[in-house]
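Given chain V, put chain X in place with the hints provided.
Keeping their order, the protein sequence lines are chains V and X. Counting from 1, position 83 in the first sequence corresponds to residue 83 in the numbering used here; the numbering is continuous, with no gaps. Counting from 1, position 206 in the second sequence corresponds to residue 206 in the numbering used here; the numbering is continuous, with no gaps.
Calculated directly from the structure, the hints in this document are not laboratory data. Watch out, some of these pointers could steer you wrong.
Derived list of chain X stretches under chain V, where covered just means 3 residues or more per stretch with a C-beta under 8 Å from a C-beta of chain V [what the hints assert, rightly or not]:
#1 100-109
#2 116-130
#3 133-141
Just so it is clear, CB atoms sit at the ideal spot from N, CA and C, and this is done for glycine as well.
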Amino acid sequence: MTTIGPGATRARWDLGLKEVFAYRELLMQLLRRDMMGMLHQSALGFLWRIIAPVFMIGGYTFIFAVLGKLPKVEGNPYFLTLYAAVLPYNLLIGTLFDTVNSISANSAIIKKIYFPRLIFPIVAVINKVVDFLIGIIVLVLMLLAMGRAPSALMVAVLPFALWALIAGLAAGLWLAYLNVLYRDISIGLPIVTQILFYLSPVVYPSQFVPEPFRTLMQINPLVGIIDGSRWAMLGTTWVLGPASLVSLMLTLLLLVGGFIFFRRTERVLADVL
Amino acid sequence: MTAPIIRTDGLSKLFWVGGQQPARRRRRRRHNNGPSLRQLLPMLRYGRLAEGPDTFWALKDIDLEVKPGEVLGIVGRNGSGKSTLLKILARITDPTEGSIAVGGRVGSLLEVGTGFHPELTGRQNIFLNGTILGMRQAEIGRRFDEIVEFAEVAKFIDTPVKHYSSGMYTRLAFAVAAHLECEIMLVDEVLAVGDIHFQRRCLGKISDEIGSGRTVLFVSHNASMVLQICTRCIWLDGGRIVAEGPPHAVIESYANEGIDISGERKWSVSAAPAFPDGSVRLRGIRALDRTGAVRSAFDVKDAFSIEVAFDVVEPRHALSIHLYFRHEVAGKLFVSMDNLDSPWGRQRVPWGSYRARCEMPADFLNEGMLTIDYVICTNPTSTENVVFNDALVLTIGDDMRNEGVRGDWVREWPASMIRPRLKWHHSIAAEQDDAA
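For reference, chain V alone in the conformation it holds in the complex (with noise of 0.2 Å):
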């Protein structure tokens, strides 16, 4: 016999995780259908995955290193220093939004069938690692074509990408449920990440910030986590200071929190959808 009692009985520190294992088979099927649906609505399909980041990167380059004439920086061009930066920023980004996104848009799922709600936002983070990975495929491509052999270093991005990750599901999960009830959050999230846009050096290296601001800077994660990936994809020097290690463990807590309060709300907020 299972028993079901009011949602309030359940252990805090318990994150359902292993019911989310026994329900892997759900979050293929559900991750197969984010991916084939975009295939199939789409003429281009997949190719959609490098041409949106293309045209992005060809558009800053443009302002920044043609009309800007900002300079070549420890000998990568512009559209290199700023694609190992986009990179790591959309996975988090990506991961924040469809993380918010996951519940909201499949409310009626929710609203029907039980099942661990987690698998929702994991279906948004494997599918943001895609195109991640896709990513990184093509820079080591672009780095080939430029006659420069991709280094060992570059497997050193995954813990960065990882951190990216966490850094973009914490935030995410806090916001999922709490988006279905305020729709404040979906308007303004994309001000919030246009801001963090430029407080983070993605369309600039680091090293034009002048201290203490770059010190500063640093507690803002994306800051270790975009020095960090560039530093192992394109050679940089190493950047981070002890700032960068606060940031992480900033990250991590958030994340913990971020599933509690996930765990919580999916309880509570069940009934308000």
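Chain X in isolation, oriented as in the chain V frame:
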């Protein structure tokens, strides 16, 4: 006594309904009816909603036991808590108080086609939807052909479902859900979709499942469906169980709610329903037992009669009296006309006040609530008429004594519209036919 497969214990559910507070207390008008941040915080902190002006109890203190193999019908008006009960059993939402113990895999058919993706093909959607409903891939693979066959979409199985007709779409969706392998199945009104033909097949499918020993909880507004497939029924009202028992008894009291049972109705001259030209008016209708007393309750074994009264104010028309007999659950039963026995036939009925009596034989009706519509129209075509619906409402009961059609049978008589006495002839076959 077998152990229950579902047991609820003081099950209660508090819901949020926005906008219940008076306007002055919501001076800072927000344009959603959700809880404000200040109301939300304690909710998140304590993991439950606090009772207040913006909440209501959708379910209150539900104690229920369901035995394996039972088919429990749940009836009640909109908002009575039926769906909430299923949602808690399906684990979509938690109870606020109390608990449920469930002894098996629960499949929910609260909606057909949940999670269908229009761009995916029928085949892909079967797997997607099946998985969402809780089936294993292997299980779906095993029953795939059965599902396709039931849905009658074999030709289009590799077509994206967005190109399906709504009928095909519904059939496929139901087919997936119907093939769910589970011990307990929750069904909520899903049969209200599709054409009659398909509804019948769905019903057949559900009946098959019942035959296979599955426990089913069935929420429906369709009383005859509940009567056909359920073994027990509960009636929810205001979040509480107000009646529980054999389906026909519960359905009857549910249907009776708000209806006056009456064995007699009279109209004064000024209030009488009449022909548009005013030449004929209805004066009364009543149900009489054998001794001539007015009664509203009869037994299946009783003969009784319906007596109507009417006035002919101007002798303008030949008349025909019709009585429409309706069973509250099953719908139209039959219509009786006085044509064969009318003394006037196609002649004009002269001026005067008249009575006509229609005899109902014993051992003919089945249990239930009988509603009678009283109609007088011109004969032989209804060029003028007067209709009074629900003129009489009678209950037909069964005291279970071994008389009448029942004979020695001691259990419930199977639910059906009528229970006529039909003649049977038995004989001993001279010899068994070996050729057969």
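Status of the hints after comparison with the structure:
Residues of the region 100-109 of chain X with a Cβ under 8 Å from some Cβ of chain V number 5, which satisfies the need for three, so the listed coverage holds. For the region 116-130 of chain X, the assignment as covered by chain V holds, since 6 residues bring a beta-carbon within under 8 Å of that chain's beta-carbons and 3 suffice. Coverage of the region 133-141 of chain X by chain V holds. Counting CB-CB distances below 8 Å, 4 residues qualify, and the rule asks for three or more.
Violated hints: none; the structure is consistent with every hint.
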